[in-house]
Structure formats: structure tokens, C-alpha cells
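Colleague: So the sequences go chain by chain: H and L. What the first sequence shows, in our numbering, is residues 1074 to 1487, in sequence order. What the second sequence shows, in our numbering, is residues 13 to 262, in sequence order.
Keep in mind that the hints were calculated from the coordinates and are not lab data. No incorrect hints appear here.
Straight line, CA to CA, 30 Å or less: simulated DSBU-like cross-link-like pairs of lysine-lysine: (1) K59(L) / K256(L); (2) K1322(H) / K1163(H); (3) K260(L) / K1370(H); (4) K1370(H) / K256(L); (5) K59(L) / K1115(H).
Covered stretches of chain H, going by a simulated chain L footprint (3 or more residues, C-beta under 8 Å): (6) 1268-1282; (7) 1366-1372.
Distance windows between CB atoms, simulated: (8) G1290(H) / K251(L): 33 to 41 Å; (9) P252(L) / L1184(H): 48 to 56 Å; (10) K251(L) / P1365(H): 23 to 31 Å; (11) P95(L) / D1239(H): 53 to 61 Å; (12) D184(L) / A1354(H): 53 to 61 Å.
The beta carbon of each residue, even a glycine, is placed where N, CA and C say it ideally should be.
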Amino acid sequence: MDKALIPEGVKRCPFPVFVLWLLFLFAVIAWGVWAGVSVLWKGLNLTGLNNYFGFGLYITVDLGVIALGAGAFFSGFLFYGISRFFPALKEIKKIINLAVVVGFVCYTGALLVLLLEIGQPLRGWFGYWHPNVHSMLTEVIFCITCYAIVLTIEYVPIILENRKLDAIRPVHIFGHSLHEIMALFALTGTFLSFFHQGSLGGVAGVLFARPFCYRTGFFIWPWTFFLFVISAIASGPAFTALICRTIEKFGRKQLVDRSVYELIAKIEGSILAIYIVLKIADTLYWAMVTAPEMGFKLTDFYREPYGMWLLFAEIVVCGVVPAAVLLSPKGRASNTLMFGAFFLDCAGIVINRFVMTVQALAVPVMPFDHWEVYVPTVYEWAPSIAMLAYGALIISLSYRYLPLFPRERELNPT
Amino acid sequence: MSGHEEHKGGVRYGMVIDLDKCTGCMACAIACHQENNVSFRTDETDKTRNIAWMRFYLLENGKDYPEYSFAYLPRPCFHCDAPHHAPCTFVCPVNATQRDERTGIVNMIYPRCIGCRYCMVACPYHARSFNWWDPKWPSPMEEMLNPEVSTRMRGVIEKCTFCHHRLNRARDKARIAGEDPDKVEYTPACVEACPTGAIVFGNLLDPESEVAKLAKSSRAFTISAKLETYPKVYYLSSKPWVRKLADKGL
Ligand code: SF4
Ligand code: SF4
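Extracted from the complex, chain H is given alone in its bound form (with noise of 0.2 Å):
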């Protein structure tokens, strides 16, 4: 049966050994479902979270994965939207299955612990009922929802194109169809992106009591809505790269064209490079004109742990250095720079989620009131890490049984 469902042409691991990986991943799936339950069933009290915490780890890997995820609403963008006036980008198409996946399961998994996150999860429907049109959260709550739904149908003709499923006519018919009408979803998902990733970014923005978050803006839009519209787009499609290389280096074969890479790490370091401009210029304007007239210096806002080492770290070691080493032709043609430069680029951005949810919050408004630490529990940490688990065992369904390469056969005649 295994072997049946397996694409044509192609090589996979022996099955008991694709088992055991499966059992490892449900293993720490079921942890994670444990401590969600249990926080469910008890409450928040079990996490790390208090008054002054109120965003956590949660929020944090939230932001940071749908941040990630944003490789699917970029790379569709690029292949469905724009590859007609830059052929070019044509080469998008070899990695765009996978970017779909990737988006699909940052996405669902995002939504899942976004659940464990509010008090009243029985409660969630309210976002639709009485939503609050001033609210950065309601706009989040509204478009995740929608582009979610437009992740599940870009991922169902891909789920279409295995072997026995298109074997049966009228679900080759269908899957045939989605194919055709996948541009549309793809820029409607383009659409919805952008919006949400730039309304998380106004998540900490509009926060205008809160001096490490406020930022002044463009209409109704604090800058920070589009800096966290760029950070994803320089970062999501990086990391879609990233999963690829590890697929490869698991399966011991090349899975895209090299030139694929390289593709993107030209777009990645063009954008990144862009972004760590306007971060630097947003930051300067933070630090000497939006802060002071708060009442705050920079040095206000970093204490140990969260020190300036933080700052440093996002802007200059995860954000200048990969942006040169992406741009240069010579970064590009090693390996270990390429990927070393993705995963940097990857990382920073989720030290800038971190910064905008947790370190925000240690800092105290009141002149007399307290820096605070926070420290997560392991029922924030297990349902965090079974999402990646279930991150890899979607991924892992997908590849194994799925055409999601279309080069892999010629790339790897057997």
C-alpha cells in the first residue's frame, strides 16, 4: 500500500524506517497535546504568563511562524503575479508545492496554539461577533482566518496529485480544475497576507501608552504594519529554502535546481537589505524622537536579559550580515554561506517577534514600577515544540507521498 501511494519515478526511505520517524513525531505531538489539554482544563495559571506577561511564548511562536510561513503568499505572488513580466521567476514553480505546504502547516499550527492562548477559548467565535473595527487584533483574527482557508484549498490539488487519488477520474477532474483557478487564490492569498502580516506588525504598534512599542505611521498604520509586512517577505521564502536543503540532506539527493536557490537568495537578500534600511531608520526615529517625547532614553528599554546585545543580534548579526552575504555573488555560491545566511535571516526575525511581544512588556511604564522577567513553563514550550512536530509530519506526509518536486525525477534518475 505504501509503496502505491509513492509517486512514480521517485526513491523513499524503506517504510519501517519512515514509521519510526512517524512514531518519533507523534511521540512529541502527544506531549504537546497533553500540556494543551491540561492548560485548557486548568487554565493559563499553568504557564509562565502573569499581569505583567500577558503576550508569552505562544504569541511569540506564533508571530515568528506565520512570519515564516509567509514564503507561500511570496512565492505565489511571485510565480502567479509577476513571473509573466519577469520569466525569470518562472524557476519559482520548482519549490512553490512546498511553499504552499510550509504555508499551510505555519498557518493551522498558529491557529491551533492561538487557541490555548485566550482564557475563554469557547469563546472564539466573539472575534467575528462583536468585532471591534479599531482593533489591530480583530483585523489578525479576520484575515488569518480567511487566508488559512485559502492555504487549505492552494494544499488540496496538491493532496489531489497523488498517485491512487488521481487515479480515480472525477477527483483528477477536480484537482484539474483547482489547478487552473490557483492563480486567483494565490493573489487573493497575496492580498489577505499582507494585510494580517502587517496587522500583527500593528499589534504592537497602535500600543500608543507603550513607548518601546509605539510607533508613529501612515494613516491609520503604524510603521511597524509595514516593517512586518517586509521582515516576512524576507524571510518566509528563506525559510521555505531552508526545509528544502534539509529535505535533500535527509533524502541524500537534490530535490530543486541549484539556480532555484540562488533565486531566491537574490530576492531574499534584496528585500532583507531593504527592510534592515527602514528597520535602522525606524529605530533611529524610535530612539531619538518618538521614545523621548514619552519621557524615554533607549537605555530605558534594555536590561539584562533583555539586553542591547538583542538589538545588536536583530539588526546587525541576523539582518546586515545575511543581507550582505546574500547579495554577494561569492556568499551565494557556497553552500554554507547560502544556508548560514537563510537561517541567520530566519533567526532575526524571530528575535524581532520575541523583542515586539516579550521584551516590550518587561519594560516597566510607571517610573516606579519594576523591570519583570519572564519565564515559560513547559506547557508553553511542549505545545510550541509539538507544533513543529506536526509542522515536520505534515511535511513529511507531503513529500513522501506527493509530487511536490517536479524536477526531482530528472534530477535524480534511478
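Position chain L with the ligands against the provided structure of chain H, taking the given hints into account.
Modeller: For chain L with the ligands alone, coordinates are given in the frame of chain H:
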């Protein structure tokens, strides 16, 4: 006085707390807990997770004896009057916390709150507490709960309401007596309990009210005024270091 210029009514309830008079006895906090059915745990070691509508801060001037000086600062919700929205009401995704523009009171609709804690994150004064546990009262305390105030469930936010139920009671009385319910005066529990009369409450828009006069005193200040949240709770102190400590400045 207020960042909010277009009030729907002529009423803006506010409070003035005189730190020169406050002895730190915390009678206001106790009265508040009792009046508003604020739950507590038998082990309250973790002060970052307990529920306090009126929290106390100890302010110190940082000097050694004999120049050492201190003051207590009781902190309710400031019912911020920033234009359009208070920091917290602006962000609530489900409108579970709103500012009543007829009174200026920032309220909470507990059965609507989804417990996302975004409002808690938005409030710079830590005036909001989350219900981390199911509320429980040791027997026979449950029989002492105030029937006018709903208890809260686990997973929702709560905060000072300026004893909103007392306002409702006063409005009902006025209606029965054929008077204008929008002109009523009432007293929150903390004000009633303070033995030194350090807390004054009333309509900030009424220039004849004591609260409005005190809010204009040379001793008056608000906390972190630079944030432009426009608190409707003012403090009074004759000590310059206390007034200075209230606001960060470069
Ligand atoms: S003090 Fe905090 S909770 Fe009260 S109105 Fe202001 S921001 Fe909202
Ligand atoms: S915790 Fe409740 S009141 Fe606060 S923002 Fe969320 S839903 Fe609104």
C-alpha cells in the same frame, strides 16, 4: 483637563487622591475587594498574578536617613480619557471593554471577554488583572458576596469600574424620584472607606465640584502625563520629588 473634547453628556467622573493624607492603611483596597467581589487565593505569594483593582505602590525618594522620605500611592483604573479611545478600549477585538461616553467610565463586559489580554498589554498602569484561576471563596464567605456585582470567571480580565453599580443604583433612585438621572452624584466604596478623606470623587466637568477644584490645585499631577492617556485620576502631593517621580522625563 481632558483629551476628550466631545462628551456626550456633561458628566466625566474622576477622582483625586491626596498622597499627603494617605497613610497607606489600605482600607480603600479592602473595601474595594469586598464591594466588588474581587477573588483571592489562600496563597498570594505571586503578586504578579493576583487580582487588585486598587493596588498600592511604595514611593521612596532614594535618599538615606535623615533625608529619607516615602509615600504610598493607591492606584485604581485611571479611566483614561485619551481622544477617541482609552489605550485598552482601543485594542479589545470584541468590544468587551468600552468607555461610556456619557460618564467617561471604562467598563468591562465579562461574559464577552475572550481573555486575549491585549487590553492588559495596552494598559501602561497595570490596572487590569487576569483571572488565572477559577474564583473561589472559602466558606462562609460566599454568603457575603455583593449581589449587585457579578463575579468573574476564569480566563477573563477585570479592573476597577469606579463602582459603576453604585452609579446605576443612584440613577435608578433619581428616576423613581422624578429627577434627572444624568445629574446624580454617588460615592465609590474606596472613597467611603478612606478614614483620612484622602480620596475625593465627582464630576470633573462641574467647575463647582470639589474634585474639579482639587484637580486644578498646584499640588495636582497625573501619572506619566507624557503618554497622553489623560487619566481621570489625579494625585496631590506637596513633595516635589513625588511629583517628579510620577513622570519620566529627559
Ligand atoms: S488605566 Fe489602564 S485599564 Fe484603566 S482606562 Fe487607562 S489604560 Fe484602560
Ligand atoms: S482580554 Fe477581554 S477585555 Fe481585554 S482585550 Fe481581550 S477580549 Fe477585550
